[in-house]
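Q: So you can see what is in the structure, the chains are spelled out below.
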Amino acid sequence: MSERRLRLLAAVLALAGIAVASYLTWVHYEGIKPFCVAGGGGCERVQTSDYADLAGVPVALIGLIGYVSILASLLIPRDLGRFAGAFLGLVGFGFSVYLTYLELFVIDAICQWCVASALLMTLLMIVLVARAARGPDVAVRLAQPEMLEPVAPG
Amino acid sequence: MSTRLEEKAHRREERLEREQAAAAAGARRRRLLILGAVFVSALGVLIAGIAISQSGSSGGGRTSADTQAVRTLFAGIPQKGNVLGKQDAPATLVEYADLQCPVCAAYTSDVLPTVLRDYVRAGRLNTELRLIPIIGPDSVPASRAAAAASLQNRMWQFSDLFYRDQGVENSGYVTDGFLGDLARATPGLNGSRALRQTGSAPVTRLVNGWAASARAAGVNGTPTFFITPRGGTPAQLSGYQLEPGSFSAALDSALRSK
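Just so you know, the sequences run in chain order G and X.
When we follow the numbering used here, the leftmost residue of the first sequence carries the number 1474, and every step to the right adds one.
When we follow the numbering used here, the leftmost residue of the second sequence carries the number 80, and every step to the right adds one.
I should point out that these hints are in silico values taken from the structure, not numbers from a laboratory.
Please note: incorrect hints may appear among the correct ones.
Said to hold, decoys possible - Anything over 10 Å on all C-beta distances counts as not near chain G; from chain X, calculated:
no., residue
1, Ala104
2, Gly128
3, Asn249
4, Asp260
5, Thr307
Said to hold, decoys possible - On the chain X side, residues computed to face chain G include the following (Cβ under 10 Å):
no., residue
6, Ala106
7, Arg110
8, Leu125
9, Leu230
10, Ser336
Built from N, CA and C at the ideal position, the CB exists for glycine as well.
The following block holds chain G by itself, in its conformation from the complex (with noise of 0.2 Å):
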């Protein structure tokens, strides 16, 4: 897959997540239940147990910075964006694989939230860590030596 492909799929699952992230922060301010497809109460075990806040900040809002920052990352040229990209993303893989190891074996109830956003982060762990070993598109790197032609003897 092309870098520019690389990169709008990584921008659209970041929006993504933003949206996923906005509407939890939102309910987590606004002291409302989360809206479950299934019902059950999980999102709400969930976003009021003991582990919704981070140092006091609650970890929706914590995500909400993690795509939008991901988001940012896209917009920085060459390595420097794609390795900062690659970082966010595997911090927040770690995290999300610690959130719902917390869902399932301690809190004890899932909440289709926050699977949403663990996919989502999943995924863009890989797209941004592919982007990032995979480097430049071949063409630019073609373009090197062809830029030196003029020099080599005919």
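Since the structure of chain G is provided, determine the placement of chain X on it from the hints.
A: Frame of chain G, contents of chain X only:
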């Protein structure tokens, strides 16, 4: 001649290809090294984040998450004095409780959310909290502080937070500092005003009134529940266990027979 030239060109091409491949491999190695460093630093940040999360959630005590939970539990339900729910609900569930009582805390954490969802939010009931200091000396300032919170229509939130932070009965833990922390953590409560009012005449009237009604109703333990149809006489709720299904069944039966 041309063959030699062709050979030379061919060798040159091969050499260039080798150089290019080596450069590409070198670039790839460098890239993977950077990615490895990125991975290690991401792991570091992650471990630090998890450590912060764990330290914030362990050790018990009241956290901002408790405040948030209480805010969510009571969000949008009208509250006036010690009555939670619509004032014109067809019946009232009166609860006699003591903030030091662990069974009352269990009711509040395990059963009340269902009562609120299925009965109070649905407009079938409102519920009234009457605190009686039955367990001992620490219950008295606890009841007075909750009564003071009722003057700001935040008694239910304050009491719920108290239950979450219940200490050892009559160990002297209900200090001004303890109540101040709770009052400040209670969503929507002006904590300092509530603390100033704990010794006020309206608070004394409230707690005396609750004690008198408990005596009149023959309440000798907490929690004790009565169902009072609007304009009717109270009937004590019985035959339930402190779990949502059983309690709802007892409520349904009491509401049917009213």
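Q: Now tell me if each hint is right for this structure.
A: These are the hints, each one checked on the structure:
1. The non-interface label for X/Ala104 is consistent with chain G: the shortest C-beta to C-beta separation is roughly 13 Å, beyond 10 Å.
2. A beta-carbon of chain G comes within 10 Å of the beta-carbon of X/Gly128; the shortest separation is about 6 Å.
3. Listed as a non-interface residue, X/Asn249 keeps its Cβ farther than 10 Å from every Cβ of chain G; the least gap is roughly 27 Å.
4. Its beta-carbon lying about 16 Å from the closest one in chain G, X/Asp260 satisfies the requirement of being farther than 10 Å from that chain.
5. With a cut of 10 Å on Cβ distances, X/Thr307 stays outside the contact zone with chain G, its closest approach being about 29 Å.
6. The restraint placing X/Ala106 at the interface with chain G holds, with a minimum CB-CB distance near 7 Å, inside the 10 Å limit.
7. The beta carbon of X/Arg110 comes within 6 Å of a beta carbon in chain G, closer than 10 Å, and the hint placing it at the interface holds.
8. Here the hint on X/Leu125 is kept, as its CB sits about 4 Å from the closest CB of chain G, short of 10 Å.
9. With a least beta-carbon distance of about 22 Å to chain G, the hint placing X/Leu230 at the interface is violated under the 10 Å criterion.
10. Because the closest C-beta pair between X/Ser336 and chain G is about 30 Å apart, greater than 10 Å, the hint is violated.
Checked against the numbered hints given earlier, the structure breaks hints 2, 9, 10 and satisfies all the rest.
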